[in-house]
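Colleague: The task is simple: from the sequences and hints, build the whole structure.
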Amino acid sequence: MLNTFQQASHKMLPTATADEAARQEFAKSLKGFVQSTLLPGLTPVYNTRVSQAFEKEHGRKPQNRRDIRNGMVKDAYFQHYAATNRIAQELLWESVNVSVDRQLPELIERARELSADTKAELRIPEGFVPPRYVTAFDIHCMPGGYCSEVAKDDVAAGALYDRGVFLYAMGYTGPDNDDMGRSVCNYLRRHMPDFKPRRILDMGCTVGHSTLPYKEYFPEAEVWGIDVGVPCVRYAHARAAGMGLEVNFAAMNAEETTFEDGYFDLVVSHILLHETSGKAMPRVFAEAHRVLAPGGMMIHADLPPFDLMDPFTQFILDNETWYNNEPFWGAMRDMDQIALAEKVGFDRAAVKFDTAPMAVMEFAAAADGYSQQAAEDVAEREFTAGEFAPGGGWEVLIARKADVAALAA
Amino acid sequence: MTDTIERPHVIRDAKGKRPQFYDTDGLDTAMSMIMVLASEISTLRDRLDSAERAAKAQGIDLAAGIEALVLDQEALEEREARRQDFLGRLFYLARKDAQEARDAETEAGFAKVIEEIAEQ
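Which chain is which? The protein sequence lines are A and B, in order. Numbered per full-length UniProt numbering, the first sequence spans residues 1 to 409. Numbered per full-length UniProt numbering, the second sequence spans residues 1 to 120.
Since the hints were made in silico from the structure, they are not lab data. If a hint is listed, it holds; no wrong ones were tucked in.
To give an idea of the chain A side of the interface with chain B (calculated C-beta under 7 Å), a few residues:
| no. | residue |
| --- | --- |
| 1 | Ala82 |
| 2 | Val100 |
| 3 | Asp138 |
Even glycine gets a Cβ: it sits at the ideal position worked out from N, Cα and C.
Modeller: Here is the structure:
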């Protein structure tokens, strides 16, 4: 498949000169090449020389992802794969960062104007302190992380993330980077056509990529996106305004929001949980339960747990922990999410994992570079573990809060 | 660009210890430099493609002109000189290695000659 996916422009997106755009395309192409061509080679390399060498050295076969890793890191093929993947990630951010830097004063000014021009609320508490798990490292190697500010009313982190994550996802999440939110909305529409949430909370929304589809699908709803990255929510607010959607944003920690009990009918998150911590994740679940109204739904779209896959696949996926500044990536997959949900008050019977099919097909032919064929290839492809996005669908944890009668009982 | 000192700038490097993938020290750096060069080559190729397309939009078929171009003697010489110069720069470490070997040879040979003459 030739990936020609192009990001849709909007008022806040940094523009690129011809050369900047070419460098960004190269970073996207390199990432695609690593996944489509280098990644599949790891399996035969492991099955032959690496497992044999391990057995010779230890007198037994590799048993878990740690054993496999132990053997693979010494192999030249793996070293080239992992080094190139890391370099692709670094080139990706660098290629966007140069564009953002060139336009930073104008981007800050534009965000001010757009935010001033919408009725939607932007809440940034004075002296807001983000949690350590997002500031200890720059997650996924994004320079400055989600929270750094280099100027008053800074939006650089948001601009860098918006463009950078499109390249990271190689366009698989659509021209507006919103496939996860869109896929969950589609799932709700298909499985619960009568569900009409009055208020929706998106936890860990970053720049609101997945938040906006909820406003689109439920236009009457009051929609809130919260995140611990101040420059990200600032950018998110301006971006939504620029796209003509009234969505509220706030700098807030999903472990402890300021919303009253039972305020929301739907609480969602997209690729949030794996960027929290062992202590924070249960608190996020508890907070979601608290702010949900009786009968409300909690949906987290994130990484599938390790117990659903074989050790070699676990090893491949765990590389993100080691090589992409994702400290909680591996540990999160070992958490029993269903037990966590039960512990904070959801009925065991009202919690499950399911697959929300990718909405990417909807973009076919409606956006630059999204041909029918390419969109089909993404949604229906043979998927190698370690590629971005699953073949076909996102893994979602769904929990429904008991209704009033059951809560009283 | 007098305002570059006053205006804010983004953060360029990610916080977090970078892993070393290769056993040989320095190879990670070398690999990253090679990939940056690959990125620049790709960027240049894209720019040339853009030049051909932009010219075509103005009615000039640069691409066909490039294919049909016959190089005269002067052009042949310029290109060959440029290629040899490029290869010389590409193999600068080999050049240094060979030079050092030659220098050592000269020094050793010189000392040997002195020794031999003293004994004769």
